[in-house]
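Colleague: Here's the letter readout for the chains.
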Amino acid sequence: MRNHSGYWAFAVHRVSGIALALFLPVHFWALGRALEGAASLDALLAWTEMPLVKFAEWGIVLLLAAHFAGGLRILALEFLPWRDWHKSLAAAAAAASLAVGLAFALAL
Amino acid sequence: MGDGEIGTGNEASGAKLSVRIWRGARQGEFVRYQVPRHVSQTVLDVVTYVQRVLDPTLAYRFACRVGMCGSCAMTVNGVARWTCRTHVDKVAREGRLEVAPLRNLPVIRDLVTDMREFFDKWARAQGRFRGGATRHEDVARIRPDSAARMQVEAGIECIGCGVCYASCDVVARNPDYLGPAALNRAWTLVNDVRDIARTDRLRAVAGDAGCHACHTQMGCTERCPKNIAPTASIAGLKRETARAALRGEW
Amino acid sequence: MSVRGETMLWIAQRASAVLLAVCVTVHLVTMTYAIRGGLSAVEIFARTRGSIGWLAFYTLFVVAVTVHVPIGLRSALGEWLGWRGRSRDMVLAAFALALGALGMRAVLGVFA
Chain Z
13 MRNHSGYWAF
23 AVHRVSGIAL
33 ALFLPVHFWA
43 LGRALEGAAS
53 LDALLAWTEM
63 PLVKFAEWGI
73 VLLLAAHFAG
83 GLRILALEFL
93 PWRDWHKSLA
103 AAAAAASLAV
113 GLAFALAL
Chain P
371 MGDGEIGTGN
381 EASGAKLSVR
391 IWRGARQGEF
401 VRYQVPRHVS
411 QTVLDVVTYV
421 QRVLDPTLAY
431 RFACRVGMCG
441 SCAMTVNGVA
451 RWTCRTHVDK
461 VAREGRLEVA
471 PLRNLPVIRD
481 LVTDMREFFD
491 KWARAQGRFR
501 GGATRHEDVA
511 RIRPDSAARM
521 QVEAGIECIG
531 CGVCYASCDV
541 VARNPDYLGP
551 AALNRAWTLV
561 NDVRDIARTD
571 RLRAVAGDAG
581 CHACHTQMGC
591 TERCPKNIAP
601 TASIAGLKRE
611 TARAALRGEW
Chain E
137 MSVRGETMLW
147 IAQRASAVLL
157 AVCVTVHLVT
167 MTYAIRGGLS
177 AVEIFARTRG
187 SIGWLAFYTL
197 FVVAVTVHVP
207 IGLRSALGEW
217 LGWRGRSRDM
227 VLAAFALALG
237 ALGMRAVLGV
247 FA
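For the protein sequence lines, the chains are Z, P and E, in the order given. Going by the working numbering, the first sequence opens with residue 13, and the numbers climb by one from there. Going by the working numbering, the second sequence opens with residue 371, and the numbers climb by one from there. Going by the working numbering, the third sequence opens with residue 137, and the numbers climb by one from there.
Honestly, the hints are just simulated from the structure, not real lab data. One or more hints might be untrue.
[What the hints assert, rightly or not] In the BS3-like style, the derived pairs of lysine-lysine whose C-alpha atoms are separated by at most 27 Å in a straight line are: (1) K386/P to K460/P; (2) K386/P to K99/Z; (3) K596/P to K460/P; (4) K596/P to K99/Z.
[Stated by the list, open to error] Computed list of chain E residues with no C-beta within reach of chain Z, every gap over 12 Å: (5) M144; (6) A192; (7) L209; (8) L244.
Since we're looking at a predicted model, the values are computed, not measured. Here a beta-carbon is modelled for each residue, glycine too, at the ideal position from N, C-alpha and C.
Model the full assembly from the supplied sequences, consistent with the hints where possible.
Modeller: Structure below.
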């Protein structure tokens, strides 16, 4: 039951979604510190320069890219007229999200 | 033709196949049997040999044995297949074979599953035609190349074998989920212009037990022996139920 | 929830997904551009504070997130934890409100 690409597409989509759902409140809360003024935001920005944080940031962007690509796959399967190549969408989504993750890593 | 008919010749060559077959019901175990290997042998041939020669208490289903009825569907090396259409050569890794009953269904005994919930869900999805015409009306004229009819054609060949249902992870996780076969049939009826039960059917197939629970894992489409794509039919139901809901049709 | 309600959730999920596809792309591009320069808080505020356009954009972003995340979690909670029924929906509604509140706090902090 688990050996085909569609199952993995679903698993990645769900796990990345849950991870992002846990990340977002933290992200919003951290940025909310901007309300407290420039010094508060500067302290946050300094913290994000730490290598471990940069790595985590990259991880989150990768998760986001994976979730995004998987989401586009779902939208294609649900709204576009059916074609046989739709079966290969999972692989395409995986490739696309890895490309985005790599691009972001290089840009950083 | 080959090395001769089954029952002669090849047995002398001594080639054997080791097969593990599920015995029991929900509780049980895999039991190993040695069967003679033949050219063009199918998994159904293997199971039949075990029951006729080695152990008459083995329970299994088959009917046509030529890939038309779907009765012989079982789990072969982890994958739901029609055993009469599965050549041993194609699936036996290093001469090993494992045969189990279809997943996601209660096991009655050995390789036989209780198909009642499969067909009950078919009925719950309003998977039967309801017409409004009588014998006094003209025959309905439907162009075979109309968009709606082509949608019907793509899904109408389903024979209810249960392979898709056994291959669906959502069915495994969500006991109420109607499943790919029932939803696929409902889609063919939604597209049948003669059918008059459209609103009832859309209501029956929507929601967490219906088409909206499908996560496009595509196990059904991957495994359907008739190359039907229930994923596409379910996607169609998602669009139709949404359209109808937004228009206030139900 | 009624099947009609669940159908509406599906519609909201797909609609918010399309909106997020746009917002996320814009966000990632602008963030990459902004971070590269190594901007300080003062420099960031100079670009963002008082910008009605960005305020509107990020408000829309937060709204889309508030719709999309809880609906997405709903099926995961139902299938992986067996949590269904009213309590699940009430908790997710509360989570949506919290997410929206935190999000708008951040948006106002940066753009207002």
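Colleague: Run every hint past the structure and note whether it holds.
Modeller: So, going through the hints one by one against the coordinates:
1. K386/P to K460/P: holds, 16 Å
2. K386/P to K99/Z: Given pair K386/P, K99/Z is violated - Cα atoms ~37 Å apart, limit 27 Å.
3. K596/P to K460/P: Holds: K596/P and K460/P sit about 18 Å apart, inside 27 Å.
4. K596/P to K99/Z: Holds, at roughly 16 Å.
5. M144: About 16 Å separates M144/E from the closest Cβ of chain Z, which puts it past 12 Å; holds.
6. A192: About 17 Å separates A192/E from the closest Cβ of chain Z, which puts it past 12 Å; holds.
7. L209: violated, 6 Å
8. L244: violated, 7 Å
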